[in-house]
Structures are given as C-alpha cells and as structure tokens.
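**Student:** Chain order of the listed sequences is A and B. Read in order, the letters of the first sequence are residues 1 to 219 in the numbering used here. Read in order, the letters of the second sequence are residues 1 to 1063 in the numbering used here.
Where hints are given, some of them may not hold.
Claimed, not checked - DSSO-like mimics (lysine-lysine), calculated; alpha carbons at most 30 angstroms apart, straight line:
{"#": "1", "chain 1": "A", "residue 1": "Lys186", "chain 2": "B", "residue 2": "Lys223"}
{"#": "2", "chain 1": "B", "residue 1": "Lys1021", "chain 2": "A", "residue 2": "Lys88"}
{"#": "3", "chain 1": "A", "residue 1": "Lys111", "chain 2": "B", "residue 2": "Lys1008"}
{"#": "4", "chain 1": "B", "residue 1": "Lys1031", "chain 2": "A", "residue 2": "Lys186"}
{"#": "5", "chain 1": "B", "residue 1": "Lys230", "chain 2": "B", "residue 2": "Lys462"}
{"#": "6", "chain 1": "B", "residue 1": "Lys1031", "chain 2": "B", "residue 2": "Lys74"}
{"#": "7", "chain 1": "B", "residue 1": "Lys1009", "chain 2": "A", "residue 2": "Lys111"}
{"#": "8", "chain 1": "A", "residue 1": "Lys95", "chain 2": "B", "residue 2": "Lys404"}
{"#": "9", "chain 1": "A", "residue 1": "Lys111", "chain 2": "B", "residue 2": "Lys404"}
{"#": "10", "chain 1": "B", "residue 1": "Lys74", "chain 2": "A", "residue 2": "Lys88"}
{"#": "11", "chain 1": "B", "residue 1": "Lys1008", "chain 2": "B", "residue 2": "Lys1046"}
{"#": "12", "chain 1": "B", "residue 1": "Lys260", "chain 2": "B", "residue 2": "Lys404"}
{"#": "13", "chain 1": "B", "residue 1": "Lys1009", "chain 2": "B", "residue 2": "Lys845"}
The hints are simulated quantities; they were obtained by calculation from the structure and are not laboratory data.
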Amino acid sequence: MARTLVIDLDRCSGCDSCVVACKFENGVTLGNYWNTVVPVVPVGTHPDIDMYWLPLQCQQCVNSPCIAACPTGASYRDQENGVVLIDKDICQGCKTCLPACPYSSPEGNVKPSVRWYNEEANVVEKCTLCNHLTATSDGVENIEDTTDPAHAVPPCVHNCSCKARHYGDLDDPASDASQVIAQAEKDGRGVHLVEAEGATPVARYILSADIAAWRGLGV
Amino acid sequence: MQDTLTRRSFVKAAAVAGAAITMSSALAGCFNESKEPEPSGSSSGGRDYYTSICHGCIQACPCKVYLQDGVVVKIEGHPDAPTSLGSLCLKGLNQIHTCYSPRRVLYPLKRTGPRGAADAAWERISWDEAIELAASKIAEAIEKYGTYAFFCSVGGGGAYSFMQAMTLPMALGSPTVFEPGCAQCYLPRIAVGGYMYGGADQSIADCAVLEPFKGLAPKEAAKGVTQDTKVLVLWAAQPSVSQTAQSGRGMAELRARGCKTIVVDPNFSPDAVKATIHLPVRPGSDAALILAWYRIILDEKLYDEEFTKFFTNMPFLINPATKLPWLATEVFGADAQTTDPNTPVYVCVDEGTGQVAPLPFGDPAAVKAQVNPQVLATATVNGAQSRTAAQVYRDEADPWTLEKAEEFCWVPASRIRAAIDLYAGAAVAGIANGVASDMEETASQVPVGLVGLDMIMGYVNKPGATLTQNNALPPEGSPRPTRFWNGFGGMFGQMYGIGYEVGATEEANAARIAAIPEVWDPSMQSPPFMNQSTLYAMNQLLLDRLGMKEHKGLYEWCHSHIPTVREALETGEPFHPRVWFDMSGNKFAVLGSAGAWYNAIMNGGADFIICQYPMITSFQVEAADLIFPLEEWLEATGASEFGQLNYRYPSPGIIHLGETVPNSVPPKRVCDAASLKLNEKLGTVTFGATGKSMEEMGIQFPLGLGVLGGADSEESIWQSQIDTYKAVPGAENVTTKEELLEAMKNRPDFYLPTPPEEYWTYGQHLVKAADGLPLGFATESRKCEVYAQILIKMGRNGFPYCYPREQAHIDSRLGSFGGDYSPICNVPIQKEAPQVANGDQYLGKYDPDFPLAITSGRVYYFHHGTMRHAPFTRELYPAPHVRINPKTAAEYGIANGDWVEISSRRTQGTNYDPSKAVGTELSYSGTKEQNTKTAEPIRGIAFVAEVVAPGVLWMERFWNPECYDSSQSSKTGGWQESNINVITNAVDPNFNEVFGSYTNRGFQVNIKKSSRPDRVWFEPKEFAPFLPENKNEYLPDDIGVTISNKALLTEPVAFPVAAGGEL
C-alpha cells in the first residue's frame, strides 16, 4: 500500500485553495496548516527566469521516521490501508516527532512544515489524506456522488483549482495517482521526489523541464 | 445583465404595484419570532446538498452546498461544470466564513453618533423606518436643491446592483451615478468591441471570451465539441489568478492539451510562469508594444489579406480634413451608392489600376470582380492627399521598430519577434485582453489596437478565435445588423429612446424619434416606453452628466466621470450631489486617490449617505448614515445568473439570516416612497439645472420605468427561478420554492445546458442577409472598423449616445488624434513614468522623488474589496505583498518579508520640495504638503524575488477590517494603512481621452523600509475575532453569534409590494 498525493506542478498556480479546503474539512485551527504551498521563486536574472509552486504535506514516507521516534505510539500506520496517521487521543504533544520528520520545522510552527503543533489541543497534527473520507476509496472519484466512500478523494484534491492534485495508491495501477504518473512518464515529463535526508517519501511531483527546472523546495 | 424589460413584464409589475398593501401591516409579526431552519430537509441530522453557483468573483463556478440542521457546513465544486470541472477556489470555500461572519449586518442600522470610524455606533431600526428615513432624506434634498441633489454609486464586489444604481438616479431625475470599476474596469473594452464590430469583446474575466474553454468537459467532448484554440494571447490578463478555479482550471486544461500561450504582463503571474512566451512589458507601455506588432504584421503582409480587404475598413481612404472615410457619393456622385443607403459605399485605391475607386460592401468574390482594394496606399481624393486607414496605422507605428520597442517597453526584441511569429503564424489565434489598460492613460488605445490585431489577422467568428459570439446563428434573410446605442448594449436606448441605431440610416433614426408620442400611451406594446417630454428630460440628464463633455465613452454604461463627481462634492460645481445611495462595498478601498475622496466626504461634501451591503466595510464605518442589510450569496436567490459556458445552474437562497433582503429590493422601495412624496410637489420641484419645475417639464416621478433590474420581492425572484428550472427533467411540476429545493436536493444533474450548436456558432457575418449581401457587422460600414471611425464622431457631439440631441465638442487639447479621440492605437503621454532611454516624447517629466514604476493586479485571495474579513484567507495573506526585484530591494536596503512604506505624489503633495529632504537614503523624507488631496503613505510586505523587473513594483488593493474591530482600543476605518488606492492617481487630469479612466497602474512611487502599522493584524491567531463562532459585532449580546443561531434563521423578509404606499 502506498497511498499518497501526486501533484502536477505544470498545473499548480499556487492559489492556496487546497490549504483552505483542508482547513474547512478538518477543522484546522488558525496558524496550523496540514498542507502548504511553497513558492519556489525564480533563480536567474529577470526576464530569464522560471518558477513553480510546491504544495507540501505529509510525504507518507515508506520508512516513516515519525513513527519510529514517537514515544507514545500516537504516530502510527493504518493497518488496513497503510496511511501514516496520528492518534490525537494518544498524542501528548511531546513534539519528539517534529525533529524526526525532515519535512517539519523543529517546533511545528513555521512554514514549510508538514507537521504542526496545535497549542490549544496540545497535539501534533498533519495531513491524514482525509482518511475519514477515503479509507476504503480506490482514488478514482465518482463524480455522480462525491461522498461515495468507495471512490472519495480529499477535498483538497476535489476542489484543486487547476486539477494539479491527484490521490490514490501507487501500488494500484488503476488509481488516479498511478495513472497520472504513468501518463507523465509516457509524455517525458519529470516525476520527482522532495528528497530529504533520512526520508523515503512516497509523494510524487510532476514538473516539465520547459516550465521550470526542478529545485525541490528551493531552499 | 439579463434585465431586459418587455412591455409584458412592465405591465405585470405595474399591476402588482396596484395591489399594494402598506408595509407595516405586512411586516407585523414578521421578525419577532424565530422560525425553524429552512429548508427543513427530509433527512434531519444528515447532510443534503443543493446545486448553486459561486458568487465569489465575477465569474461563477457551479458548486454543491451542503446543509445540515439549517447550517451550511460544506461547499465543493460541481464536477459537471463545463470549465471549472469540479474545481472551487478559496474564495468560494470561504463563503461559509462570509455568510456567518461576525461582521454581517443583519438588520437595518442607523448611525447614532458622528461620522467616522473612531466612535461609530449603530441603532437597529425597522425596515419601515429605514425606507422612510431614506426616502425622506432624498425627497427633502430634491425639494430644496432640485433633482440633481441625489446620486448613486455601485461596485463589482459581492453585491451586484448595477442596474438599480444606474436607473434609480434617472428615475428620480438625476444624472449622477458612478462605479469605481466602469472606466477603470471593463467598460473601455466592452465598448470598443461594440464600436469596432458590434460584437463580443476580448475580456476573458468578464466572460466575453469563452471559445478557448469550449470542449474541455468530457460530457461536451462526447457530443463532438472540440477544443480549437491553439494559440492564445493573454494581454495583461491573469485568468489563473483573477478567476482562480474557473479560468485557472480552463487554462490548465488548455495548456495540457498543447495550447501555446503568449503572456504580456509586467508581473511573473502564474500564467506568465507557464507561458510559451512571456513579454514582461514595462507598466503603461503596452500601446507602443502593440504598434510594434502592427508594424511587422503590416510590413511583412502577415495579415489575412482577404478578410482585411473585404471585411475591414483598413483599405478605406480617409479624408484628412474630417478624419472620416471618404464616402463614394462625395467622390463619384450619388450613383456610386450602389447598395442600400444603410450600407455606405466607401473609397479605396484599386490595386489593379492604381486609381481611386468605389469600394462597396459585399461578398468578397463579387466585390473582387469590381475592385481589388489596396490595403496600404495613399492617393489624391477631391484634391486632398488621402491615406488608407491601414496607411494611417502604419505611419503611426513607424517609430516602433523592435529595437525601439525593446528600449521603451523593456522587453527583449527577440522575444517580441517570437511572440508575433507565434501569433501571426497560427491558423487561428486570439487575444484575451485584461484590465490593465483600463487603469491607464491608454484605456481606449490598447483595446482598439488589440481588437484590430485580431481583425486584420482574420481571427473573427472562427473556431478557436476569441472574437466569437455565443448565440444561435441568425437565420438567412435577416436584416443588416445594427446596434442600438446607450447603456449596456443599447438597452437604455431601446427603453428610453435616446441613442442612435448604428447601421440604420439617419432617416430611419429620425423617424423612430418622431414616432414617440407626445402623450403617454398605455397601450404601447414595445419600447421605448416614453413620451416626448420624458425623452427630452432623460436626454437632458445625459447632456448634464458630470464629466461627459470630455469623456463620452462613459455613456456606454450611463456612468459619470468619477473625479468630476468628487470635484462636484468638493466645490458644488457645476452642481452639488448631496444625498448618496451607495449599493456596494468598500468605496475607500476601490476608488483611486482614496484620501481625496475621504476628505471630500468628511469635509461635508455629502449630506446623507445610505448604504446597502451584507457587511460593514471601511466606507460604511466611516461615512454611512443608514445601512440596509443585504443577503449574502448563500441566502440570495437568483444572485448569480452568469452560468458557465452553455450551462446554467440554479442560484437558490439556501439559508436566510435576520432581516437581510435581495439587493434589488431597497432601491425599488426607496424609489417608490420618494416618488410618492415628490409627486405631491411637482410644481415646485426643480428638474436639474433647467430652472424649470417638473410640472413645467411635463414629467413626474419616477421618470421612465423607474428602477430596473431584479425583482421587487423575494417571491418574484423565486418565481423566476422556478420558471427557469422547471425545464430540468423531473422538475416539470414544480410550482413553489419548497418544491424547487426538494427537486434539486442531492441531485448531481440539476442544471440546464444549451445545445452546443446553438451556442458555439461561427461565421455570423457570412450568413446571407435580406439584401442578398453577407450580414457583415453592426457598424456604420458593415465591416470590422479597425480604424474606429465612430470615435471621431463621438468626441465631436456624443454620437451615437446622445442622439437626438448633441453633446458639446471635447476640448480639442484633450484629443490625441489632432484634437479628436484617436480611432487607432497610438501612444498617449504617460504622465508618471520612470527614466526611459529616448522616451521623452511619450512620457511626462521624470520626477526623481518617485523613481519606481508600480503596477497592480489581483491575488487569488480576493475579488475587488471582498474577503479581507475571512480568517482562513487573512492568515495566509495577512498584508499585501509588494513585489520587488532583488536588485532594487538591495538599493533601498529592503529584505524579503520587511514591512515597507510606499509613497507617491498623492501622499506627498504637489508642492513637496525634495531639497528639504534629509539624510542620504534614496527614499524621500521632505516636508509633506497637507491638503485635501493627500493622505499618509501606505505599507505592505516586501516580496523580494525576480518576479518583476528592476525598478518595477507590484501590489494589490488591500484594506483592514480589523482596524475597527471591537477589540481595538482605538479605531480607524482600515482603508489607509495598506491600500494602494491611497497612492493611485485619480486627481491629476491624465485621464484617458475617451473613457476618462484614471491611473491605477503604471505610475511612480518611492519605497523605504518601515514597520507594521498600528491595529493591523498579522499573526494567524490574531484573526480569531473574524471566526464565525464570535458574537456578531452589530447585534445585541442576547442574540449572540451568527452561525448556528436559531434566532437568526428566518424566513426571507416578506415585503409588501410597494413599501411606503401606493404609487
């Protein structure tokens, strides 16, 4: 099982609608962001420049250093579908997972970060791939019934202004996520990982060289 | 603008008015007890969804709105939407925080203290009292000062009351209405489309350009509808930002299908980032770039020769004395007029003989047998050396070589050349022209140039072009097309009789006016609904409208010239508008030179200000005396009727809060109530500046048809939805609001598509007309008028808008075409510009105090003045970014993320003396002039990146509703802190000649490092007071929060039909 988001950066306009869709769906409080959009600003000299936007959320790492680091067992992997999650009833807000995650800020309070420390609730939070909606979904949305649990997608995917975001299991070649990667590879477009030391991310990013050179997070 | 009025609907409305009951009796008991949430929903506890269409920007994305226990809990994009295809942006998602904002106004409010935000206080009053107060103030002012004492304004963000704001002043005998968009947003472009071919313009944001998005939806593609636009030019447009989910999705789909794009934008917008070719033009220099395109396209014969010769006026020889095309009858005598008199024969140079010859309109093959017009030519006509229109254009373009364009526009010549080749080399391409030029001196020149480019390329009425029409093809044998002028595509002309029907003969126009009866004839079955006295009075309003002598293009929407209105408030000249009904949001955020407006109002310019809006913005908190509460989108039935491409979606009121009403209701109530009062005094009420009484003029209130647009009750608005959507299969038997909601509940297919063949249509001009010729276009020449000859006439006497009377000639110093409005693209003087090599001839004197060019553009987060109250938006974008190049930032000692201060002449004053500056910093620091035109400099956050050229800044409008939050120890109106419109230039007479557009973009500023302004929130958690769980700011404590508050879940206000009594 390799459930994840696949994001097509040739399409992403950086509009932040995914962030707001997530906040409404998950009740994310002010100052916390289960996903963010990082503008990877131009290098080069005007007007010979390129840029892209990099939406960032939990990368669903295969090795999941957050789970290894968590002293309470709050960070865990869903036994049914393999999604990396946090059980907020167990989490004690110790923040041990934050430095363990190479995509998170040490205190979970500064962008870019995929894990955020919710001060009021004293827990660490992150993207769940909307597992409450999608746990049994095959990742191919039923447009006649978007609430259909067999085919639901996260609202950040459904509402994405430019259809940059895709959801699904990369181990299932029929999922939307797998299909969009297969098509990109066929078209000769780049398929990238946001690489970080100690992480084996599952999330994939598509970016064509004629839009911009891949620079990861650009930092 | 679907508000066309037929005689039938007029009579119907009048009959209902006759059955009016008084307001008080009908409202008794209406507001005191709370009702169960509606619609009740059959599955209590569960979620039901209703189809609706987002109202978050000027476009409209279909969506599903989920309701649970009477509360909207979720909104998502509708997957069957033909362009947005299920996408919905953060503006749509945030509607929940708008509708349930603690800032909502839910009851009529009257100011109890002095004006100003510092001590603003409000008292809840009844609708009865509110309408009576408004009507009394209006009637008193009109009685005392005449009908011109009343005026209206409107805007484009959140509450669209365009028709009401235009028609209410006219109904009450006043010519004064303005809208900060208008000349600064879309009016120039829509007007130019009309002037040049009587067709749809090039605006993608305003849904004129739809063709590129055709065939994207799988359901349409399955019907064989194809996506045909392969090359698209986005000139000063950023659809992925401004229409985030609709055009943003559309553009992403287009690019994924291989469509090549050229983006002309000083800013590295998302569409520029993804462009095939990006031309980062210097702000304000677009006209020169356009002329560089003309120069190459004409010289290298890249244009469509057949279309240019036979369907444009480019080969017409122009009389140098009149600047109008020679008529064949002037040169060859009456016999040369070989077509019907409604289709003039002009004069060209015959390529075969080299001689001057008549050039009739007709089928190209037939005309070719007679004459082969030369496009670029000069000849002697009646003794005068005359150039063809194309030659006039070529001569204007002569200075603009690629090298000169590079120097002036700051775009590499090789890129310009590549863009021209991609555009002109395409089988079909199209230009989508954005808003920038509407906000610059070039408001007429740029759209004239860009529409003309598509015309000479023959990119007209073809699959894939942007100049296309989306309605059923006219049948063969139709009459020659004409266009009726005056107000929104001639609508006012048809109703009020004023305006010339272009394409009809002078005799036909005169006969139409003569047929208007002396006495009102109630049996009239067709427009104009007018007698001669009313026609005369209405026509007088047009002639007296503020600023119209110089900027006659504003007649397109029947709007006044904004700076001239402000001057009238300041000086009382030529008349003093005193009682103001504003039907929009934050005027201080969106009016240019906001400080001058604030001073004009707060120094006593307006006696009484009535507002209607769903919230209290800076404008209401500072200036309103009375506020009518309006419905927000989720409450408002029929609020958004734009649809998406050929699909229409219902717009039901899904909830209702407090005593909010549809935006069309209060203007109609106020008009009726004021008219009743004033009609008792017709002998003493003076009509405008005539010095005559209404009685002497032979007219009464309301003039014409009264207030137009929308319905005058919630019931009739629902009826209109029912009438439309009973056409959806399964809804045939719907007769009530409840049944309609039930019919659409949880249905994924509740919408109405128009068959593709009735919507995606081409070759309109080639259909055979009644006279056997091709239909052609609705212009004087029946051709595409690349040389917009109508503009020459317009400047001289107001043709075609003011007909049958005449407006005065413009001040000839104003006209950039030898004293006339320019009929072609030229380069007018840019008043404020940076140092540009060899550019002096086209630029005002360089002002070293303000060395940086600034321009503007939307960000995803907001539409116009909306959404600054939305906490999930503000935490992401708490303050406006000032985009600045790293090189420039380093010169000024500015780092990414710094607060910076921006100043312009509007903050420092015209007498500012730089010699008094202290220190060595590049920023100004001299003594600031204090006068009514100045305000404090503004502040924003530096976004330092290579996204703009060195020397260029970019910033979007902003305002800060937190500045008057109840948690603040002292309050301001929140419009001065970070609002670029404080520094824009609407005070200097550098207006566009035709439209009077002032300068919101492409002007000069200075910048320095600064600090966060007082009261302004920046950290995410600071925005908590904007969350809906907070107590409503304008309700008593015992009512509490807006959301999930059963006390506020009410039935819509059941207005009696004519509040204030029977007319």
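**Student:** Can you confirm whether the C-alpha distance between A:Lys186 and B:Lys223 stays at or below 30 angstroms?
**Tutor:** holds (28 angstroms)
**Student:** Is B:Lys1009 within 30 angstroms of B:Lys845, Cα to Cα?
**Tutor:** holds (27 angstroms)
**Student:** Taken at face value, is the distance from the CA of B:Lys404 to the CA of B:Lys260 at most 30 angstroms?
**Tutor:** Between B:Lys260 and B:Lys404 the Cα gap is close to 26 angstroms, so the pair holds against 30 angstroms.
**Student:** Given the hint that B:Lys1031 pairs with B:Lys74, does the C-alpha gap stay at or below 30 angstroms?
**Tutor:** holds (21 angstroms)
**Student:** Below or equal to 30 angstroms on CA atoms is what counts here, so check A:Lys95 against B:Lys404.
**Tutor:** violated (61 angstroms)
**Student:** Within a Cα-Cα threshold of 30 angstroms, do B:Lys1021 and A:Lys88 meet the stated pairing?
**Tutor:** Measuring from Cα to Cα gives roughly 21 angstroms; hence the hint holds.
**Student:** Between A:Lys111 and B:Lys404, does the CA-CA distance stay at or below 30 angstroms?
**Tutor:** violated (45 angstroms)
**Student:** Are the Cα positions of A:Lys111 and B:Lys1008 separated by 30 angstroms at most?
**Tutor:** Since the Cα atoms of A:Lys111 and B:Lys1008 sit roughly 26 angstroms apart, the hinted pair holds (cutoff 30 angstroms).
**Student:** Below or equal to 30 angstroms on CA atoms is what counts here, so check B:Lys1031 against A:Lys186.
**Tutor:** violated (55 angstroms)
**Student:** Are the Cα atoms of B:Lys74 and A:Lys88 separated by 30 angstroms or less?
**Tutor:** Measuring from Cα to Cα gives roughly 24 angstroms; hence the hint holds.
**Student:** Given the hinted pair B:Lys1008 and B:Lys1046, is their alpha-carbon gap at most 30 angstroms?
**Tutor:** violated (51 angstroms)
**Student:** Run the distance test for B:Lys230 versus B:Lys462: straight-line Cα separation, threshold 30 angstroms.
**Tutor:** holds (12 angstroms)
Checked against the numbered hints above, the structure breaks hints 4, 8, 9, 11 and satisfies the rest.
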